[in-house]
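J.: Spelled out from the first residue to the last, the chains are:
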Amino acid sequence: MVSGSSGIALRPDRLTHLQRLEAESIHILREVVAEADRPVMLYSVGKDSAVMLHLAKKAFYPAPPPFPLLHVDTSWKFRAMYDLREKAAREAGMELLVYRNPEALARGINPFDHGGLHTDMWKTEGLKQALGLHGFDAAFGGARRDEEKSRAKERVFSFRSASQRWDPKAQRPELWNLYNAKKARGESMRVFPISNWTELDIWQYIYLEGIEIVPLYFAARRPTVVRDGMILMVDDDRFPLAAGEAVVERSIRFRTLGCYPLTGAVESEATTLPQVIQEMLLTTTSERQGRAIDHDQTASMEKKKQEGYF
Amino acid sequence: MAASSQDQSYRADALIGADIEAYLEAHQHKSLLRFITCGSVDDGKSTLIGRLLYDSRMIFEDQLAALEADSRRVGTQEGELDFALLVDGLAAEREQGITIDVAYRFFATEKRKFIVADTPGHEQYTRNMVTGASTADLAVILIDARKGVLTQTRRHSYLVHLLGIRDVVLAVNKMDLVGYDRAVFDRIVADYRAFAETIGMGAIAAIPISGFRGDTITTLSANMPWYGGPTLMAHLEDVPLQSDVARDAPFRLPVQWVNRPNLDFRGFSGLIAGGAVAPGDAVRVLPSGKTSTVKRIVAFGGDLERAVAGQSVTLTLADEIDCSRGCVIAVADNPPEVSDQFEATLVWMADEALIPGRAYWLKLGTQTVSATVQQPKYQINVNTLEHLAARTLELNAIGVAELATDRPIVFAPYAQDRALGGFILIDKLTNATVAAGMLHFSLRRAQNVHWQPTDIGREAHAALKNQTPMVLWFTGLSGAGKSTIANIVEKKLHRMNRHTFLLDGDNVRHGLNKDLGFTEADRIENIRRVGEVAKLMADAGLIVITAFISPFRAERQMVREMLPEGEFVEIHVDTPLAEAEARDVKGLYRKARAGQLKNFTGIDSPYEPPENPDIRIDTTRMTPDEAADLIIARIIA
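Here the protein sequences come in this chain order: S and V.
First residue of the first sequence: 1, per the working numbering; consecutive thereafter.
First residue of the second sequence: 311, per the working numbering; consecutive thereafter.
Just so you know, these hints were derived from the structure itself, not from any lab.
Treat the hints with caution; some may be incorrect.
[To be verified] Here are the simulated DSSO-like cross-link-like pairs (lysine-lysine), alpha carbons at most 27 angstroms apart as the crow flies:
| hint | chain 1 | residue 1 | chain 2 | residue 2 |
| --- | --- | --- | --- | --- |
| 1 | V | LYS802 | V | LYS845 |
| 2 | V | LYS896 | V | LYS908 |
| 3 | S | LYS153 | V | LYS824 |
| 4 | S | LYS57 | V | LYS605 |
| 5 | S | LYS183 | V | LYS340 |
| 6 | S | LYS57 | V | LYS340 |
| 7 | S | LYS182 | S | LYS128 |
| 8 | S | LYS169 | V | LYS738 |
| 9 | V | LYS340 | S | LYS153 |
| 10 | S | LYS182 | V | LYS738 |
| 11 | S | LYS183 | S | LYS153 |
| 12 | V | LYS824 | V | LYS896 |
| 13 | S | LYS153 | V | LYS421 |
Because the structure is a prediction, the values reported are computed rather than measured.
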């Protein structure tokens, strides 16, 4: 749009849906920087984070985004994600903070032996600890309202009590583009600048703006194991094989990225962005199906949100 | 529902498979329409939204499987797909069977992306509907064909109109349950148009549909050959966008943030609220009124030659002029108005009612100022549209009131400009968003009464008296000892040749404030007037001593903010309620306990003690004379 070179074609007399979404997201990013004391951007290295980071670069250009990136690490992400993480922060001219929950590290919490505790300790607790440690009062997150039913009502500015809990009844009405960012000491907010984007919007924008994403989103032959109906990638030698399991090379890609032992792949031959988008449009399962975390129970995301996970 | 229609609606666009790049090229030029659906609990609103999502292929197989399972388990459609279950979100509401908040849904067709604000029809309707309508370009008003135009229909229509939505679709739903009868449809449409005219609504598109059966949603229905208009989806795809109209308005950019990476660059960032801008345009910065020209429109990837309403941009100006967050950069020869007193419609959104006279934060565009609201002129009954007398506004009430801001703000009437006419009010203590408002116009007195500068200023007054003016603000329960201690303080200061004046709560109510009672609103006005008088006296160089119960933190804070930093000294005369009641010097507690005195602080009206008073006096540990000495020691350096 607002970019001339690679990006969305500028047709000033009628804004496209992506131009309007982009303008809204930039407005939200700037509003937080204007009103919060100590903002931070949660950066998960996934495609939504990539779009959010790109929007931040545009919002504050020619200055670099005036806040650090925070990666709440579990030590179990795909190796390709760690590679892009360093590069993306460097290119944006931003400080990168990496936080690993020391207790989870000491207890050797891992997705193979600890199930739900893995997400709880590394991500939910890790995030709370990191925000508390640095005294951040506003954290940008890449959640979208179309991801899951319980998120359809999430505010753009989501308030957390001093104990970082989300109380659905204490959320503020959001009218026009007026966001109330006032808060008492100790309270904080999570802000979701891409709330109104859909998965297709994200992909189209990545395509049009030429945003770099983790290569795992594109199909390649990778070592895999099929377990509980999910295709898992054997990304390093910490992956314990069960009796009878064998590592098989398959042409796969990922629709979402998280901890590699918890993230299901799809078999695919899509090696370019248009092919990925094509598959996405023709597919018949939703994005979150690849995440083990949602299968635990009905309304599981809502419960996790109340506990402080996104 | 029929299996055949399912298959048809699930057939993906052939272009996706054949030529994805052509498909993407076509789809990057889609526009965006935001709309709201309004209906009562049983009008089939969730079913309609579920149907729109389903028919635009936004439902995936796994979601469909879950829907089928849920439909069998808790559905209300006797085992058939219950589309309402697609859009029910929070666990609590699924159990209650009602939606409890505003939810946003997304779907897209070949031409447009849509964002739907889904708001519930039950008693929280006003707050939620107003929130959902504030960002909508269009409203779909649902009517149950069996029931016709109801009170709720009128209420929803009024709110939609109030929020400035010009495009309205009247969707007469459940046509399958009235035998697809044209006469029923025509009668409802005629009833509705008659009502719509009374509130000044413009054109309305009326469409007969069945959300459950899918009639006239994406395809014209063989069941209603008599209907010659577009399908609901076709109408949503083709209606002109109100947001595009903003391009023709005069240029306005509320400044959000000043981009200053180094001394050589100073950019003004914001979302263009109206009009268009190009380098070389003459602009005026408000409220200061200084003029300049636009130098560049700076953007990542290269400067822009032009930008329009709806874009987030960064401008640089040719001249070094003052401009910060809250200013508005506007076209030089047609700038918006600046004022500090207004009439506005307010929609109250908090459990705690409006307190006339109390200071709230008012956020309009990127401006945040302190504002007080007068007692409402009237409240509007949203069902009958009658004007009712009102002293306050409770949750979900709508009223018209005058309000004043502590400094001039840049604004436009809401009817002309949502971005510079819509505002929210924020409670200063809880930080909750308590109201939404729409400005009508500025009041003439604000424009015509100018501040008259005087040659002898407050510093000159104080210098002549050889003292630092200040306000010693005594607060505490009735009978705590405020007046007694204040009196001794004044006597001692007088002996020290200090120029003082004591404003006593009881005495002021004999004159200046004899028109005020003891309701919360009157108590606030009492303190506001005393604060203004104390401020004038401090300007005259005096040490002002006040003794008022002044029970609310917000009002004490209001007076503190009227005065220069450091001149307001809050003195909490801290006497426990039991002790003050035991003393009962004026016999008031006895009367209050007997029910003869209403709104008595400590009995049936709250006292909010200062959290960090400048001076705290514990009357159970010192005599009034010792207290006075302590105060004087603290204020006279």
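J.: Hints first: check each against the structure and report whether it holds.
T.: Consistency of the hints with the structure:
no., hint, in the structure
1, V:LYS802 to V:LYS845, "holds (22 angstroms)"
2, V:LYS896 to V:LYS908, "holds (16 angstroms)"
3, S:LYS153 to V:LYS824, "violated (50 angstroms)"
4, S:LYS57 to V:LYS605, "holds (22 angstroms)"
5, S:LYS183 to V:LYS340, "violated (38 angstroms)"
6, S:LYS57 to V:LYS340, "holds (24 angstroms)"
7, S:LYS182 to S:LYS128, "holds (20 angstroms)"
8, S:LYS169 to V:LYS738, "holds (19 angstroms)"
9, V:LYS340 to S:LYS153, "holds (25 angstroms)"
10, S:LYS182 to V:LYS738, "holds (9 angstroms)"
11, S:LYS183 to S:LYS153, "holds (21 angstroms)"
12, V:LYS824 to V:LYS896, "holds (19 angstroms)"
13, S:LYS153 to V:LYS421, "holds (26 angstroms)"
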